[in-house]
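The task is simple: from the sequences and hints, build the whole structure.
Just add 237 to wherever you are in the sequence shown, counting from 1, and you've got the working numbering.
You may find that some hints are simply not true.
[Unchecked claim] Each computed BS3-like pair below joins lysine-lysine, with the alpha-carbon atoms no more than 30 Å apart:
(1) 322 - 365
(2) 300 - 362
(3) 366 - 346
(4) 300 - 366
(5) 322 - 293
(6) 303 - 365
(7) 300 - 322
(8) 346 - 365
(9) 362 - 322
(10) 300 - 365
(11) 346 - 362
(12) 303 - 322
(13) 322 - 366
(14) 346 - 293
(15) 293 - 366
(16) 365 - 293
(17) 322 - 346
(18) 293 - 303
(19) 303 - 362
(20) 362 - 293
(21) 303 - 346
(22) 366 - 303
(23) 300 - 346
For the record, the hints were derived by calculation from the structure and aren't laboratory data. It should be emphasised that the depicted structure is a prediction, and the values quoted were computed from it without experimental measurement.
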Amino acid sequence: MANKWIDAIIFPAVFISGGIFVNIINSIKKKKDVVTNKSDMELIVEAVAAYYNLNKSDLIDGKSGKEYSLPRQVAFYLCMNDTEKNADEISAYFNCDHSCVFFGNQRIKNRMDAGEDEVIEAINKIRKKSLTARKVQI
Numbered sequence: 238m239a240n241k242w243i244d245a246i247i248f249p250a251v252f253i254s255g256g257i258f259v260n261i262i263n264s265i266k267k268k269k270d271v272v273t274n275k276s277d278m279e280l281i282v283e284a285v286a287a288y289y290n291l292n293k294s295d296l297i298d299g300k301s302g303k304e305y306s307l308p309r310q311v312a313f314y315l316c317m318n319d320t321e322k323n324a325d326e327i328s329a330y331f332n333c334d335h336s337c338v339f340f341g342n343q344r345i346k347n348r349m350d351a352g353e354d355e356v357i358e359a360i361n362k363i364r365k366k367s368l369t370a371r372k373v374q375i
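And the structure:
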């Protein structure tokens, strides 16, 4: 997402500012890659796993059990709403069917609409943590 912003704003300015500007932007992009190569989904999964005291693999490998269903649904919700990924891409990452992603996303939306404080608090804290991690990449 950050690269799209950089590309949209900066590359038209390249013709005005010359080669020095290009070198600065390229070093910014390289710094992003050096800091972390993690995708938005990876950062979300790490934040969800940390919040629920689970391993990242517990969410991705599709372990069954009540203790994994809410965290996975929260991860689905955040991936659907906070990334540019579609359900097929998210389901491939989580090794599940895209209908699981739709169901989990809808389930969290319904619980938030119903005013369930536990879910609302979890979403807000995890979102804040994952967004902070994403800002570090830039």
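Exercise for the section: Provide an ascending list of the numbers of those earlier hints which the structure does not satisfy. Expected result: No numbers; nothing is violated.
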